Amino acid sequence: MKRILRGALLPFLVFALWEAGSRAGVLPMDTFSRPSDIALAFAAGVADGSIPLATWLTVQAALVGFAIAAVAGILVGVILGLSPPLERTVGPSIEALRPVPAVALTPLTLLLFGFGLRMEAAVVAFACIWPVLLVTVAAVRGIEPRLLEVARTLQLGFPVRLRKIILPAALGRIVVGLRVAVSISLIVAVTVEIIMNPRGLGYGMIIAQQSLQPALMYAQLLWLGLLGWGLNALLTRAFGRWHGAFGPGVNP
Amino acid sequence: MKRLARLPAFGAVLFAAGLLLLWQGLADRQFISPVFFPSPSRTLAELTRQIASGQLWKPLEATAARMFFGWALASLAGVVLGAAIGFSRRARDFLEPSLEFMRPLPASAVIPVAILFLGLSNAMTVAVVAFGAVWPVLLAAVHGFASVEPQLMEVSAALRLSRKDLFLKIAAPSALPDILAGARVSLAIALILAVVTEMQASQIGLGQNILLAQRSFRSPELYAGVVTLGVMGFAINHAIVVLERRLLRWRGAHEQ
Amino acid sequence: MNRIAVVLLLAVALPAAAQQPKANIGYIGAADFTPLFVAKDKGFFEKRGLDATLTRIQIAPNVGPAIISGDLQIGMGTGPNLLHAAEGGLPLVAIAGASRMKKNNPIAGLIGRTGFAYKTPADLRGKKIGSPGLNTMLTELCEKWLHDNRIPRDQVTLVEVIFPQQHDMLKGGNIDAVITIEPFRSRMLNDGTGFKIADYVGEINPDVLAVLWMARRDWAAANPQAVKAFREAYADAIEWGAKNPEESKKILAKYVGFASPVLPDYGVEVKLSDLEFFEKVERELGKLRGPVDVSKLVWK
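Protein chains in written order, with this note's numbering: chain A, 1 to 252; chain B, 1 to 256; chain C, 1 to 300.
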């Protein structure tokens, strides 16, 4: 209980100051909006179904893109991590592709897939694969060499090696990469919606802004923050078990 | 030939060349209209033109500066906050929920707010870049500080080290590999965010070039910008790897 | 006997209705498209035989690519859009007009910040002007106006500020002047945030085609019925709108989310001279470099 109270203190202070500042006329009101108005706009958006629908569309695209990136990133990362010569061959090309902003690829994906889920998931996958890949390579490289020797001595096949030795040993660090990727997935999905795809929360935010309804825009933005938080909390809980088994100790 | 093949760079160059050939092949087949998907040759021609005419340097510098300062701010904030949270349960309780709430906010959505408070200035772009780039360093720092080996902690308690010495001599070096890995990811994000911010907030830079090229249907310019970003990112990452290797040399020696 | 006639009629009419040509029409949140909304709301599209879906697009530059990708069959655009598309080799044509800017009904303008000591255009040297979109029609016409008033382009800084943020940006002093349209223009003038520097469009040309409707050349060729139906429905809506201005404004507010007390002029015709005007401006400003055959861009 104490933990929840402590955590809530900072947001509470921020919102209180925000509301007070808006009412006192200190903050730029025209496009900014008060927390109370934002709450009302959010309630209205939920009631008429627009926010739940937009939420579903955004989360769907983010998760599909993330899933593709996670599977591809871990697989390729393990392969590259286990084979330094291969990593040296492919690595520089990866380093050259990584800085390409996913948003620069949206016109391309639009032409390939048209408006909708596929184009958004494609852009999300492109953006999310890099952190997973990088962290997996580092994690695999950091596996206790004796563990890998044991696997070789036992003549375990690659899939079994992957499942029983490599992944468990590397998972603690891979999970950090996955957490980053999940956050990126939501961010990129919303960004694609802001700039191109006419669906989801990002689209809703921009249209609210253009329709001179800043309260609705901020409602969706703050809701997005909550969503991401919830998604991440879920992940942490899901991967908490592994973390405990192989992960770091806790320091007071 | 065999001696050449042993050079580590040779394989990498071959692979990269292979990718370029693939690109050229796809462009020639015209699966996508050449108006939106130019071939490597057209892109290279455009890039050469921009370098030769000197048009490239000012935007490049602007983007690089934005990225660097945003990243520096993000790294500093990430290490400080990460240390606080990694070490102190109380700090974690107060800060974590708010930070976790802010993390998923996309820079594109935060930019309008930043513009309202900081105007259309460099400070605004650096702030937005830092906001988006802090998370990998923060997460890595928390992980790094929270996972200092218990034996090291015992040793420091036995030696009765002060808090400061604990941090500087035991915790920080122990957390360094994680922090550096996080900083690398952070830098990549900083570059992307610098570009995205330029696109949305109308600041001079590679991002703006890409945006305007897109609007005028000038795809060789667009892809020339993308290639420039790729080269930039590659060069910067290489520099960090070298730095990482140097800083962690002591670790490697001990783990032999 | 009557009942059989009705059934027979339905049997014939229903398939015909089901075969109405379809079009997904892309628009952005602006008052230029009131007849579009009226046509949809009042059933003019249906009446003229077009199954129309309206899709709101975030920003104008997205419409061209979306037409090329086939997501939109008809989409809004401007003269410069079309010219750049043609320069780039994209097969887009203008099938109808949407709105016009006339000197006696200024919709767009350059508004200065209250407090900015402006007397002549020369005072704009070294100042920051907010633009709703660099290299878009409104901004390019303003650049032409600056050019005509002998102000070198590099002595003025243009920054992008989207319409919803223009009021606050101007008020906060982030920009010294802003290129804007109704209803934002009137809002800034009426609440004292800004003053009128120039209704520059009218100074350059008293009658300009503001927004037009684009389509892919092959789609237009394959769907003459749809093109005809679209034009007729839009014309119907313009006529209705002229007779029912208040209700028009209500319909507009319903679709774009904000009210606009001043409406632009509408016109469904696209003349070759409209596009030639833009070509001249663009070439003068050095924005159009390649060869473009303007005559091919107006769809008959």
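Think of the hints as simulated: they come from the structure by calculation, not from any bench. One should not assume that every hint holds.
Lysine-lysine pairs mimicking DSS-like chemistry, simulated, CA-CA at most 30 Å apart [to be verified]:
id, chain 1, residue 1, chain 2, residue 2
1, C, 103, B, 58
2, C, 250, C, 128
3, B, 58, C, 271
4, C, 249, C, 42
5, B, 58, C, 249
6, C, 196, C, 280
Since the model is a prediction, treat every value here as computed from it, not as a measurement.
To see whether the hints hold, each was checked on the structure:
{"no.": "1", "hint": "C:103 / B:58", "result": "violated (40 Å)"}
{"no.": "2", "hint": "C:250 / C:128", "result": "violated (35 Å)"}
{"no.": "3", "hint": "B:58 / C:271", "result": "violated (42 Å)"}
{"no.": "4", "hint": "C:249 / C:42", "result": "holds (13 Å)"}
{"no.": "5", "hint": "B:58 / C:249", "result": "violated (47 Å)"}
{"no.": "6", "hint": "C:196 / C:280", "result": "holds (27 Å)"}
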